[in-house]
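2 protein chains.
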Amino acid sequence: MEAFEVFKDLAIIIVFAKLFGLIARKLRAPQVVGEIIAGLLIGPSVLKIVNLSDFISQMAEIGVLLLMFSAGLETNLKDLIKTGPKALAIACAGVFVPLIGGTILYSAFYHIPPVWGDEKFFSAIFIGVIMTATSVSITVESLKEMGKLKGEIGQTILSAAIIDDVIGIIVLTFVIGLKNPDAGSENVVLMRLLDNIYPMNSFVKVIILTVLFFAVAAGLGFGIYKLFKLADFRFPHTRRIPILGLALCFVFAWAAETFFGIADITGAYVAGIILCSLKDSEYIAEKMDTNSYMLFGPIFFASIGLKTDISEINVEILLFCVGFVIVALATKIIGCGLMSRALRFKWKDSLKIGIGMMTRGEVALIVAQKGLAVKMVEPVYFTAVILLIIVSSISTPIILKLLYASDDKAKA
Amino acid sequence: MEAFEVFKDLAIIIVFAKLFGLIARKLRAPQVVGEIIAGLLIGPSVLKIVNLSDFISQMAEIGVLLLMFSAGLETNLKDLIKTGPKALAIACAGVFVPLIGGTILYSAFYHIPPVWGDEKFFSAIFIGVIMTATSVSITVESLKEMGKLKGEIGQTILSAAIIDDVIGIIVLTFVIGLKNPDAGSENVVLMRLLDNIYPMNSFVKVIILTVLFFAVAAGLGFGIYKLFKLADFRFPHTRRIPILGLALCFVFAWAAETFFGIADITGAYVAGIILCSLKDSEYIAEKMDTNSYMLFGPIFFASIGLKTDISEINVEILLFCVGFVIVALATKIIGCGLMSRALRFKWKDSLKIGIGMMTRGEVALIVAQKGLAVKMVEPVYFTAVILLIIVSSISTPIILKLLYASDDKAKA
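Taken in order, these protein sequences are the chains called A and B.
Per our numbering: the first sequence = residues -7 to 404.
Per our numbering: the second sequence = residues -7 to 404.
Just to be clear, a hint being listed does not mean it is correct.
You can't tell identical chains apart in this list, so a pair holds if it fits in one copy or across any two.
[Unchecked claim] Listed next, the in silico DSS-like pairs over lysine-lysine satisfying Cα-Cα at most 27 Å (straight line):
hint, residue 1, residue 2
1, Lys0, Lys218
2, Lys393, Lys18
3, Lys367, Lys0
4, Lys18, Lys221
5, Lys221, Lys0
6, Lys403, Lys171
7, Lys271, Lys142
8, Lys112, Lys74
9, Lys401, Lys74
10, Lys0, Lys171
11, Lys338, Lys136
No wet-lab data here; the hints were simulated from the structure.
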């Protein structure tokens, strides 16, 4: 293929993605859903005008890193610590109830016995993992619109959703590591080293490496943060800051895979968290966003559409998708809601928190995509994730408005 | 290669490119020179830590398109028309004198007889083509610094340099087309069509297609401009405008190659010119710049360093490089200077215009890179271009300052 052939594909992808993104927004659905549908349309399923080439796949990989890096960058560590233990408890419930719910759903649906170490059972767990990550942006928007974001409930949701991401990433990291701890382990530098020091059970190795990764990241991260802070102070708003930030994202993604056998997206996310307290963190995020929305983001979301072969969808899969959406929404509401109630929120406020936490977005897709890469999920299940994103992001604002409106009525 | 392996290369490239770019700036040389040296250093010539993979090459290609698209976007058509015929005449002299000078230099140096159609003679012409494009940014900066940019000389240089780019691109397009008009012609849609209509001489075909390309681009361009103006008016500063601009750049680059057999960079440049009169053209350029400086630009310039094998440099090549720099500088000064004099500028002002026009930059590299792609230039000649950029951009500001200072003295 000539170098310029790819330009046509890129042009088609960004034009269709933008067009369908705008249509989705008009219909009050998230833009990413439009971008995925654009990918479906131009891909092998329908129009067949774009194929997923190696180059496009690699660009999509960079797109994922940028998204995860931005997610990390937008974390507010100070606020997190302030909201503290309550948000942590709600986030934990919001991760583990869906995790278990998803696992049970898949196991029950496909009659898979819960045997630890079994391929299929790990696929079931992974369906649970996909359900864990809340994407709170739509909730935030509707709370902002109603002027309720700064209240206790708004702040609790916000913090819980961020902690939820962190815990979700840790769970993802463990599950991928534990699924098949020996596969590719000879390529992982520290895995080889551990083997040489003392032969041990693979699970133990994965746990050691995962803990080690977060410990090393925290230690190194502190030093890196100090260095960036120096640059931040001396050269605010200069190009070197986002460039070095991007380099850090790439290095962490690469090092996570190479040394620890940990997902590159985990590395990128951690790199974002390391830099999130910088004065210029917003400046970095803004520059990443420009790179993201112009090219890499649309390519990533469209590539999901390109990978999804809708001809494989049948009644069974559709049934599963419906079950997936119901379980994913219900487990978040129940998990976060009951935990809030246990923390002495009123019943109605607990429900608001549960509803606010049930929206899913990009991160669920990124997790599903990672599952595809390590062969724990088949592409056809993207349909379930897309459906979940559509349903949750359309229904959450409506339900939240109803709940708050009945409050105001009661007061009046 | 695993997907994440490329992240390491990207991180190394952007960090080294930024670092050496900053060092170059400290030493008052252009940043791009630093970025190229970074590529040399990390590449096979010295440290051997990064190889030019297919993915990196393709990213570099996108980088070139973005640079050419930006160059087109920054054109000011209105000012051009105002300065008019004088600038046009100076630009023509500034293109054709170096073109002939470069051709003679290479032919004389390697004893190549001027036989039209001979491979080697085309290489000689291409050396001339590399010498044609003025990069006026350094001249503009020094004139601005001295408060002389708004004067007649400043405006003449600015306009001439822009027209110079347009003519340079046309010359490049012809030369590449004429070199080997049959090679790959079966892949060019309109070439096949012409063959079916009426069998004719290949040179004639190339000339017809080139003229046709610019005619079609002008016609289509007018319609596209009107459409963008509508969007510009209704949705100023929205993301859709730079995204559609980028798509236009990709489409023109692809269509130029596919339908007309014309260089993709010509297509991208023309796409930029089509949009340069939009209100939001600066907004588009700014977004392109962010994409460019974060990732694609450094990758392109570093990739030139990665391609340059300095082990091939010998005394003969070095001698040629020195000759190349002297001829490139002298022909611009003589061509533009004498034409200015003929247009009744004073001798000293003519010299100022000649000196102002002699700086070379990115575009010369992009042209050289295109020559490499179509096998008209060997990578080792990049050294000559790099040397030319360094010498011209360091000496121009110094000489201009001296010339203006002696003016002020004479007045005092």
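To see whether the hints hold, each was checked on the structure:
1. Within a single copy, Lys0 and Lys218 get their C-alpha atoms only as close as 44 Å, which misses the 27 Å cut-off; across copies the closest is 23 Å, which meets it.
2. In the homo-oligomer, the alpha carbons of Lys393 and Lys18 lie at most 27 Å apart inside one protomer (19 Å), although the nearest pairing across protomers, at 57 Å, exceeds that limit.
3. Taking CA atoms no more than 27 Å apart as the test, Lys367 paired with Lys0 passes between copies only; the shortest distance there is 24 Å, against 30 Å inside one copy.
4. When the C-alpha separation of Lys18 and Lys221 is checked against a cutoff of 27 Å, the pair qualifies only between copies, where the shortest distance is 23 Å, while the shortest distance within a copy is 41 Å.
5. In the homo-oligomer, the alpha carbons of Lys221 and Lys0 lie at most 27 Å apart only across protomers (24 Å), although the nearest pairing inside one protomer, at 42 Å, exceeds that limit.
6. For the homomeric pair Lys403 and Lys171, neither the shortest alpha-carbon distance inside one copy (53 Å) nor that between copies (83 Å) is at most 27 Å.
7. In this homomeric assembly, Lys271 and Lys142 come within 27 Å of each other (Cα to Cα) only inside a single copy, at 22 Å, whereas the closest approach across copies is 39 Å.
8. Taking CA atoms no more than 27 Å apart as the test, Lys112 paired with Lys74 passes in neither setting, with 41 Å inside one copy and 73 Å between copies.
9. In this assembly of identical chains, the alpha carbons of Lys401 and Lys74 never lie at most 27 Å apart, being 32 Å within a copy and 67 Å across copies at closest.
10. Taking the closest pair of Cα atoms, Lys0 and Lys171 come within 27 Å of each other only across two copies (26 Å); inside a single copy the shortest separation is 39 Å, beyond that limit.
11. In this assembly of identical chains, the alpha carbons of Lys338 and Lys136 lie at most 27 Å apart only when taken from the same copy (21 Å versus 67 Å across copies).
This entry does not satisfy hints 6, 8 and 9, going by the numbered hints stated previously.
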